[in-house]
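Turn these sequences into a full structure, and let the hints guide you.
Residues per chain are reported as follows:
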Amino acid sequence: AQKVTQAQTEISVVEKEDVTLDCVYETRDTTYYLFWYKQPPSGELVFLIRRNSFDEQNEISGRYSWNFQKSTSSFNFTITASQVVDSAVYFCALSVAPRGSGGYNKLIFGAGTRLAVHP
Amino acid sequence: DTEVTQTPKHLVMGMTNKKSLKCEQHMGHRAMYWYKQKAKKPPELMFVYSYEKLSINESVPSRFSPECPNSSLLNLHLHALQPEDSALYLCASSQDGGLDTEAFFGQGTRLTVV
Chain A
1 AQKVTQAQTE
11 ISVVEKEDVT
21 LDCVYETRDT
31 TYYLFWYKQP
41 PSGELVFLIR
51 RNSFDEQNEI
61 SGRYSWNFQK
71 STSSFNFTIT
81 ASQVVDSAVY
91 FCALSVAPRG
101 SGGYNKLIFG
111 AGTRLAVHP
Chain B
1 DTEVTQTPKH
11 LVMGMTNKKS
21 LKCEQHMGHR
31 AMYWYKQKAK
41 KPPELMFVYS
51 YEKLSINESV
61 PSRFSPECPN
71 SSLLNLHLHA
81 LQPEDSALYL
91 CASSQDGGLD
101 TEAFFGQGTR
111 LTVV
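Chains as they are written, first to last, in the numbering used here: chain A, 1 to 119; chain B, 1 to 114.
These are computed hints drawn from the structure, not numbers from a lab.
Values in this document were obtained by computation on a predicted structure and should not be read as measured data.
We put the CB at the ideal spot given by N, CA and C, even for glycine.
Treat each hint with caution, since some may be false.
In silico DSSO-like cross-links for lysine-lysine, where the CA-CA straight-line distance does not exceed 27 Å [as the list claims (entries may be wrong)]:
| # | chain 1 | residue 1 | chain 2 | residue 2 |
| --- | --- | --- | --- | --- |
| 1 | B | K22 | A | K3 |
| 2 | B | K22 | B | K9 |
| 3 | A | K38 | B | K40 |
| 4 | B | K38 | A | K38 |
| 5 | B | K9 | A | K3 |
| 6 | B | K9 | B | K40 |
| 7 | B | K9 | B | K53 |
| 8 | B | K19 | B | K41 |
| 9 | B | K53 | B | K22 |
| 10 | A | K38 | B | K18 |
| 11 | B | K41 | A | K38 |
| 12 | B | K22 | A | K70 |
| 13 | B | K19 | B | K53 |
| 14 | B | K41 | A | K3 |
| 15 | B | K40 | B | K19 |
One-sided and incomplete, this derived list gives chain B residues near chain A with beta-carbon spacing under 10 Å [said to hold, decoys possible]:
| # | residue |
| --- | --- |
| 16 | P8 |
| 17 | E24 |
| 18 | H26 |
| 19 | H29 |
| 20 | A31 |
| 21 | Y33 |
| 22 | P42 |
| 23 | C68 |
| 24 | P69 |
| 25 | S71 |
| 26 | D96 |
| 27 | G106 |
Calculated from the model, a selection of chain A residues having no Cβ within reach of chain B, i.e. all distances over 10 Å [as the list claims (entries may be wrong)]:
| # | residue |
| --- | --- |
| 28 | Q2 |
| 29 | Q8 |
| 30 | V19 |
| 31 | R28 |
| 32 | G43 |
| 33 | E44 |
| 34 | E56 |
| 35 | N58 |
| 36 | I60 |
| 37 | R63 |
| 38 | L107 |
Following this line, the structure appears as structure tokens:
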């Protein structure tokens, strides 16, 4: 089965707190890609990061960092010194190529974590 | 230009109406997608077009009919919808539809079926 689990439905923090969003995935594929997307109230999903199954290096981009651990099938996302503008729904997603698709992909999303950052 | 543009932004339609959702991108992407997102749920794939051919249909009811007139445009024709079809319909595009390519999403069309 291919599945993404985001166990945290909603998180509420006060500005400047650090917050970690959890993501656990399941796949039998040896080559796969994981993504994080942000969905603000306006509706569009904004791409944040891509990680392939062979690259376990952690990544930092400004206040954002990601921790990928194949041993625990997790791809967690940390926001340091959170800001009100970080308030959004965050989705972790697994890219898969369904049988019969000719190799074209679809994203399987987790349920999402709604982050509310209060002033 | 890294935008995916969807029109209209909001649509209210009756169960007997026929309407169309439109999506446009000018990034030279060769894969385009329709996702459906119910309130407080994640997006779910409906269709994938790659190089203007339908590659994936996730067993979507025939009252939803996709069309890809050219590599920049993607339409979703709606006919005889049900109230449970009310949702946010998101269009996306990616470079070539490969496993590693990130998708760029539009802001969506909020559809209400009455």
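Outcome of the hint check:
no.	hint	result
1	B/K22 <-> A/K3	violated (30 Å)
2	B/K22 <-> B/K9	holds (10 Å)
3	A/K38 <-> B/K40	holds (14 Å)
4	B/K38 <-> A/K38	holds (16 Å)
5	B/K9 <-> A/K3	violated (31 Å)
6	B/K9 <-> B/K40	holds (19 Å)
7	B/K9 <-> B/K53	holds (26 Å)
8	B/K19 <-> B/K41	holds (24 Å)
9	B/K53 <-> B/K22	holds (17 Å)
10	A/K38 <-> B/K18	violated (32 Å)
11	B/K41 <-> A/K38	holds (14 Å)
12	B/K22 <-> A/K70	violated (40 Å)
13	B/K19 <-> B/K53	holds (22 Å)
14	B/K41 <-> A/K3	holds (15 Å)
15	B/K40 <-> B/K19	holds (25 Å)
16	P8	violated (13 Å)
17	E24	violated (14 Å)
18	H26	violated (16 Å)
19	H29	violated (12 Å)
20	A31	holds (6 Å)
21	Y33	holds (8 Å)
22	P42	holds (4 Å)
23	C68	violated (13 Å)
24	P69	violated (19 Å)
25	S71	violated (15 Å)
26	D96	holds (9 Å)
27	G106	holds (6 Å)
28	Q2	holds (12 Å)
29	Q8	holds (14 Å)
30	V19	holds (20 Å)
31	R28	holds (14 Å)
32	G43	violated (4 Å)
33	E44	violated (4 Å)
34	E56	holds (16 Å)
35	N58	holds (19 Å)
36	I60	holds (19 Å)
37	R63	holds (20 Å)
38	L107	violated (7 Å)
The earlier numbered hints that this structure contradicts are 1, 5, 10, 12, 16, 17, 18, 19, 23, 24, 25, 32, 33, 38.
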